[in-house]
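The task is simple: from the sequences and hints, build the whole structure.
In case you want the letters, here they are:
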Amino acid sequence: MPRKSLFQRRPLLILGIAFLVWLLLPGIIKTFFRTSIIELQAPSRQAASVVRDVQDYWALRSAGRNTLLRELSDLSRQNSYYQLRSQRIALLEEEIKRWEQLYNLPSHPEYHFEIARVVQRDSTTWWQEMTIRKGRQHGIRKGAPVVFAGGVVGRVREVHLATATVELLSSPGLRLSARISGEARPLGFQGGENRPFHPPGGRLDFIPADYQLPEGTEPLVVTTGLGGVFPEGLVIGRLTSLEESEETLFQAGRVRLDQRLHQIREVAVMIALEESTQASERE
Amino acid sequence: MNKDYRWTVLFLCSLVGWFFWQEINHFLSPVHLSLYLGGLLITFGILRLPLYSGLIHSVLIATWLDAASPTYPFGTGILAFALLHLGIYTLRRKISHDTSAWMILTALLVNFLLFLFWTVYHYPRQIDPSGYLWRSLVDLVISQIATTIVAVWFFSLQNALLNLCHMPLDEESPLSP
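Protein chains in written order, with the numbering used here: chain A, 1 to 283; chain B, 284 to 460.
Treat the hints with care, as some may be off.
What the hints assert, rightly or not - From chain A, some residues computed to sit far from chain B (all C-beta separations above 10 Å):
{"id": "1", "residue": "46"}
{"id": "2", "residue": "67"}
{"id": "3", "residue": "85"}
{"id": "4", "residue": "87"}
{"id": "5", "residue": "162"}
{"id": "6", "residue": "193"}
{"id": "7", "residue": "220"}
{"id": "8", "residue": "238"}
{"id": "9", "residue": "272"}
What the hints assert, rightly or not - Per label pair, the in silico range of CB-to-CB distance:
{"id": "10", "chain 1": "B", "residue 1": "313", "chain 2": "A", "residue 2": "51", "range": "15 to 21 Å"}
{"id": "11", "chain 1": "B", "residue 1": "334", "chain 2": "A", "residue 2": "35", "range": "29 to 35 Å"}
{"id": "12", "chain 1": "B", "residue 1": "424", "chain 2": "A", "residue 2": "208", "range": "39 to 45 Å"}
{"id": "13", "chain 1": "B", "residue 1": "313", "chain 2": "A", "residue 2": "229", "range": "44 to 50 Å"}
{"id": "14", "chain 1": "B", "residue 1": "435", "chain 2": "A", "residue 2": "67", "range": "38 to 44 Å"}
{"id": "15", "chain 1": "A", "residue 1": "64", "chain 2": "B", "residue 2": "424", "range": "37 to 43 Å"}
{"id": "16", "chain 1": "A", "residue 1": "74", "chain 2": "B", "residue 2": "447", "range": "24 to 30 Å"}
{"id": "17", "chain 1": "A", "residue 1": "213", "chain 2": "B", "residue 2": "378", "range": "55 to 61 Å"}
{"id": "18", "chain 1": "B", "residue 1": "313", "chain 2": "A", "residue 2": "72", "range": "25 to 31 Å"}
{"id": "19", "chain 1": "B", "residue 1": "435", "chain 2": "A", "residue 2": "28", "range": "39 to 45 Å"}
{"id": "20", "chain 1": "A", "residue 1": "43", "chain 2": "B", "residue 2": "443", "range": "24 to 30 Å"}
{"id": "21", "chain 1": "A", "residue 1": "229", "chain 2": "B", "residue 2": "435", "range": "36 to 42 Å"}
{"id": "22", "chain 1": "A", "residue 1": "259", "chain 2": "B", "residue 2": "413", "range": "19 to 25 Å"}
No wet-lab data here; the hints were simulated from the structure. The model shown is predicted, which means the values in this text are computed figures rather than measured ones. Even glycine gets a Cβ: it sits at the ideal position worked out from N, Cα and C.
Laid out in structure tokens, this is it:
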């Protein structure tokens, strides 16, 4: 009978020792190991995203001329509308600055919007996140707010060389300060309602017991600007119902998030201009 | 120990499987569904490789999956995969592990156990427990259906790649093309 080695005789013991070694391993080594694997995974994710872009391009190429002309005409109409809006916003911004100077108010932070393609959406039962095709080399910072046309998308959880991971608003781990549009009191929002075939949702906590939902309407829930991550007034979702609690003085509410949250192809990462300038100076 | 590098071929094959799994999840995301196929990736290694080459394969896959997972400490999955590997490996002598039906059943069992582990692990941080359990049940059902459909092809692919690399299994597998 061939002699068995220790590895063959005591597999559980070896596993236990390996586990102990893993536990005692310094965090920096584990982080390095993990980051290296993510950087190894990045090219395959980016390649898949580029292939999808090429597919979209050829699908557009095969569209009829009339469809393209119609799209072009719609776009030029929208373009003129947004040019007018842009002029109006510039005037309002000037006025705000004048008032700020007049009353010595702290100025609103200004942001640079870094547009990024979504490489991969990963909305499992356990977490909700997406990978974007911009990273450290594009000035993306950890914790930066991420937005799209419908409001808040989430915040940057991890930044890698050419990619970044965004924790979505529908993720149970994401909490932020919010308020109901038209109300001043700050409330707590937490994501985490992800039923199949339903729009994503979250919960609004600490709603005062005397607050009543206006009949026939679903008020907007927006960010408060407290906490320093998300600027004020970004749309989170709509408050659809209230749940009274017998134990506390507050109510909780259900918030319906934008249905497009899990279909987005492009997002904008908000980078505070001061932060961006400091980073470029350091470089 | 004998130098057995069949786990390298299986690992590369599993990475291909992982890539397609991630792509499917990307497209399922708008309807709020997702697949979990972790069990499928490691079953062949558990049933058809010697203990240590199979274990290396399972640990590598777990490390790869752990790196991209944001909600638990890096290494939790490695422990879960390794324990499950050892558990199923000790049972493999009692089952006829070289028939495709048993391999599929084992893949379903391994996938179910891993899914259950992660579902229980993440349960305490949920704000909508009933919604979470409903979503988990639907995801589990579609994951098991997907495993059943894909398993035979995936095991045959792994077998074919081993033969292609001149690293055949110890005995002829019924899944050989």
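Status of the given 24 to 30 Å range, CB of residue 447 (chain B) versus CB of residue 74 (chain A):
Distance hint for residue 74 (chain A), residue 447 (chain B) is violated at roughly 53 Å.
Could you see if the CB distance from residue 424 (chain B) to residue 208 (chain A) stays within 39 to 45 Å?
holds (42 Å)
Looking only at beta-carbon atoms, does the pair residue 213 (chain A), residue 378 (chain B) fall within the given range of 55 to 61 Å?
With Cβ atoms ~58 Å apart, the hint holds.
Assuming the hint says 38 to 44 Å, is it satisfied by the Cβ distance from residue 435 (chain B) to residue 67 (chain A) or not?
Once the Cβ atoms are compared, 43 Å apart, the range 38 to 44 Å for residue 67 (chain A) and residue 435 (chain B) holds.
Interface-negative label, residue 67 (chain A) against chain B, beta-carbon threshold 10 Å
holds (23 Å)
Holds or violated: is the Cβ of residue 87 (chain A) farther than 10 Å from all Cβ atoms of chain B?
holds (36 Å)
Taking 29 to 35 Å as the hint, is the beta-carbon distance of residue 334 (chain B) and residue 35 (chain A) inside that range?
Given about 31 Å between the Cβ atoms, the range holds.
With respect to the beta-carbon atoms only, verify the hint that residue 435 (chain B) and residue 28 (chain A) lie 39 to 45 Å apart.
holds (44 Å)
At the C-beta level, are residue 64 (chain A) and residue 424 (chain B) separated by a distance inside 37 to 43 Å?
Check passed, 41 Å falls within 37 to 43 Å.
May I ask you to test the hint 36 to 42 Å on the CB atoms belonging to residue 229 (chain A) and residue 435 (chain B)?
Since residue 229 (chain A) and residue 435 (chain B) have Cβ atoms about 49 Å apart, the given range 36 to 42 Å is violated.
Against chain B, does residue 162 (chain A) keep a CB gap of more than 10 Å to every residue?
Nearest chain B Cβ is 16 Å from residue 162 (chain A), so the label holds.
Between the beta carbons of residue 43 (chain A) and residue 443 (chain B), is the distance compatible with 24 to 30 Å?
holds (26 Å)
Of the numbered hints stated above, those contradicted by the structure are hints 6, 13, 16 and 21, listed in ascending order.
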